[in-house]
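S.K.: Sequences and hints are given; from them, build the entire structure.
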Amino acid sequence: MKKIFYTVFSLLVLGGGLVSCSKDALDPSLSVDRDLNVKPIETESDLRAVLTGAYETMTHFTYYGREILMFDEVRTDNAYSVGYSNRFINVSQFAVTANHVYPADTWKQIYKVINSSNLAIGADVTKGDKEAIDNYKGQAYAIRALAHFDLVKLYGQQNVDQNADALGVPYITKFSELDAKSYVRLTVKENRTSIYADIDKAISLMTDDTSEFTRINKQSALGLKSRMALYFAAFFPEDYAVAKDAAAKAMEMGGSIVSKSAFDASFGAESKQANSIFELAQSGVFNQGTNSMFYVFSYDGYGDVLVHPDVLDLFANPDDVRGGEKMIAEDVDGDLRNIGKYPKMSSNLKVMRFEELLLNYAEAAFILNNGDAQALDLINQLRAQRGEVAFTALTLEDIRTERRKELIFEGFRFDDMMRYKMEIPTSPVTTKVIPYGDTKLAFPIPQNEINVTKIKQNKGY
7 MKKIFYTVFS LLVLGGGLVS CSKDALDPSL SVDRDLNVKP IETESDLRAV LTGAYETMTH
67 FTYYGREILM FDEVRTDNAY SVGYSNRFIN VSQFAVTANH VYPADTWKQI YKVINSSNLA
127 IGADVTKGDK EAIDNYKGQA YAIRALAHFD LVKLYGQQNV DQNADALGVP YITKFSELDA
187 KSYVRLTVKE NRTSIYADID KAISLMTDDT SEFTRINKQS ALGLKSRMAL YFAAFFPEDY
247 AVAKDAAAKA MEMGGSIVSK SAFDASFGAE SKQANSIFEL AQSGVFNQGT NSMFYVFSYD
307 GYGDVLVHPD VLDLFANPDD VRGGEKMIAE DVDGDLRNIG KYPKMSSNLK VMRFEELLLN
367 YAEAAFILNN GDAQALDLIN QLRAQRGEVA FTALTLEDIR TERRKELIFE GFRFDDMMRY
427 KMEIPTSPVT TKVIPYGDTK LAFPIPQNEI NVTKIKQNKG Y
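Numbering-wise, the sequence shown is residues 7 to 467 according to our numbering.
Keep in mind the hints are simulated off the structure, nothing from the lab. All values reported here derive from a predicted model rather than from experimental measurement. Be aware that a few hints might be false.
Claimed, not checked - Straight-line C-alpha distance at most 30 Å; calculated DSSO-like pairs for lysine-lysine: (1) K207 / K114; (2) K195 / K427; (3) K332 / K278; (4) K180 / K136; (5) K411 / K255; (6) K462 / K114; (7) K195 / K207; (8) K255 / K427; (9) K350 / K332; (10) K180 / K195; (11) K465 / K446; (12) K465 / K427; (13) K278 / K207; (14) K114 / K195; (15) K462 / K195; (16) K136 / K278; (17) K255 / K207; (18) K438 / K411; (19) K133 / K180; (20) K266 / K255; (21) K180 / K266; (22) K114 / K45; (23) K195 / K446.
M.R.: Quick look at the structure:
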């Protein structure tokens with residue numbers, strides 16, 4: 007029997023006839039096939055349904071439901087996989103190959119999200135409220151920007167070549183309209199230009215309503231722009247000003263630091279919290295089950311992912327709630343575990359919190375002006391709600407340490423270490439330091455994708 011490989015290229019080319027448009031609930035059981043040639047996307051409700059499908063696809067465990075966050079934690083000084091169920095052990099050991107399921111599944115899943123966003127962007131929607139339609143189109147542009155951004159961080163060569171002229175990823179802007187010649191890897195610099203164009207278009211189309219926090223709104227789009235700019239500023243220093251401005255505008259739209267007393271409980275909440283900016287909805291019925299973040303961290307689940315021993319040094323102050331007994335603890339076998347974040351399968355996936363906006367602003371503002379009084383004030387506001395004493399003066403290392411403590415286990419650390427051009431230290435499952443510039447810092451392009459499209463493989467694979 008001839009084996010058929012379903013690559014992203016084939017997914018996009020063959021996707022022109024039928025799509026899955028789910029009803030307005032993040033539940034795959036509600037999905038129905040729709041022949042676009044017979045019934046095109048033309049109403050406001052049609053457009054919302056397409057976007058619901060895009061968010062559903064984002065929430066899958068091969069993307070934001072687990073994998074993209076785990077890749078950014080188990081390759082760092084925050085966490086590692088001990089491989090009790092053989093999950094993420096090769097990622098922790100920097101031993102992933104081009105034929106492995108992790109790079110293949112996540113690459114494919116992210117491009118499925120992009121395909122859904124392109125369907126929404128390209129739809130000629132004429133029936134419905136114009137403002138609502140524009141807002142949905144804005145969401146689609148933001149999703150497309152975020153998806154390509156995540157691809158660049160994971161598969162781009164910028165941290166190997168140590169410049170933005172390195173190979174990035176194919177930037178797909180049309181639904182199911184490709185040919186092999188146009189499916190090429192652009193440079194990271196070119197990807198950056200397209201990502202900014204999409205996120206700016208998103209912001210321009212959206213309303214100021216922030217009530218629907220399980221979908222991207224203008225506030226979270228501004229927050230995403232600040233995240234993107236902070237990352238790209240490692241190669242384009244002028245982007246620090248972009249990161250600062252976008253974070254400031256996002257903070258002005260509302261939200262606050264979650265209090266010390268509510269900190270641990272906020273991670274198990276399914277309702278909107280004081281710091282909720284953008285979350286992917288989970289529930290007791292719709293969640294990733296045994297493929298969830300909870301299950302891979304928990305002693306009662308697979309329990310593969312443990313806390314790196316170095317983390318104990320971060321929380322030397324016993325009053326810091328982020329390292330408290332409700333957040334990090336030893337299990338009965340003496341393994342150090344994250345127990346506070348993703349405490350159950352039904353916990354919403356917190357893609358963005360108000361605290362990230364604050365930290366993005368503080369870091370960018372400090373780099374632009376190391377005497378920035380607002381950066382010091384914001385960091386001290388955060389520390390006051392975590393049980394830490396106020397700083398009288400601030401250093402860049404203070405800000406970066408505060409960022410690590412606040413966002414630990416949420417999928418930021420690897421990207422931050424790359425921004426700082428840090429080496430990856432050893433862990434209990436590795437013996438060699440991974441220096442900045444090593445070929446293993448980028449995931450391989452899936453081999454089946456290369457076999458079909460002939461796009462370039464990353465160095466070292």
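S.K.: Look at each hint and say if it fits the structure.
M.R.: Okay, the hints, checked on the actual structure:
| no. | hint | verdict |
| --- | --- | --- |
| 1 | K207 / K114 | 25 Å, holds |
| 2 | K195 / K427 | 18 Å, holds |
| 3 | K332 / K278 | 21 Å, holds |
| 4 | K180 / K136 | 22 Å, holds |
| 5 | K411 / K255 | 24 Å, holds |
| 6 | K462 / K114 | 17 Å, holds |
| 7 | K195 / K207 | 19 Å, holds |
| 8 | K255 / K427 | 28 Å, holds |
| 9 | K350 / K332 | 14 Å, holds |
| 10 | K180 / K195 | 20 Å, holds |
| 11 | K465 / K446 | 9 Å, holds |
| 12 | K465 / K427 | 18 Å, holds |
| 13 | K278 / K207 | 27 Å, holds |
| 14 | K114 / K195 | 23 Å, holds |
| 15 | K462 / K195 | 17 Å, holds |
| 16 | K136 / K278 | 27 Å, holds |
| 17 | K255 / K207 | 16 Å, holds |
| 18 | K438 / K411 | 25 Å, holds |
| 19 | K133 / K180 | 22 Å, holds |
| 20 | K266 / K255 | 25 Å, holds |
| 21 | K180 / K266 | 46 Å, violated |
| 22 | K114 / K45 | 26 Å, holds |
| 23 | K195 / K446 | 21 Å, holds |
When held up to the earlier numbered hints, the structure conflicts with hint 21 and nothing else.
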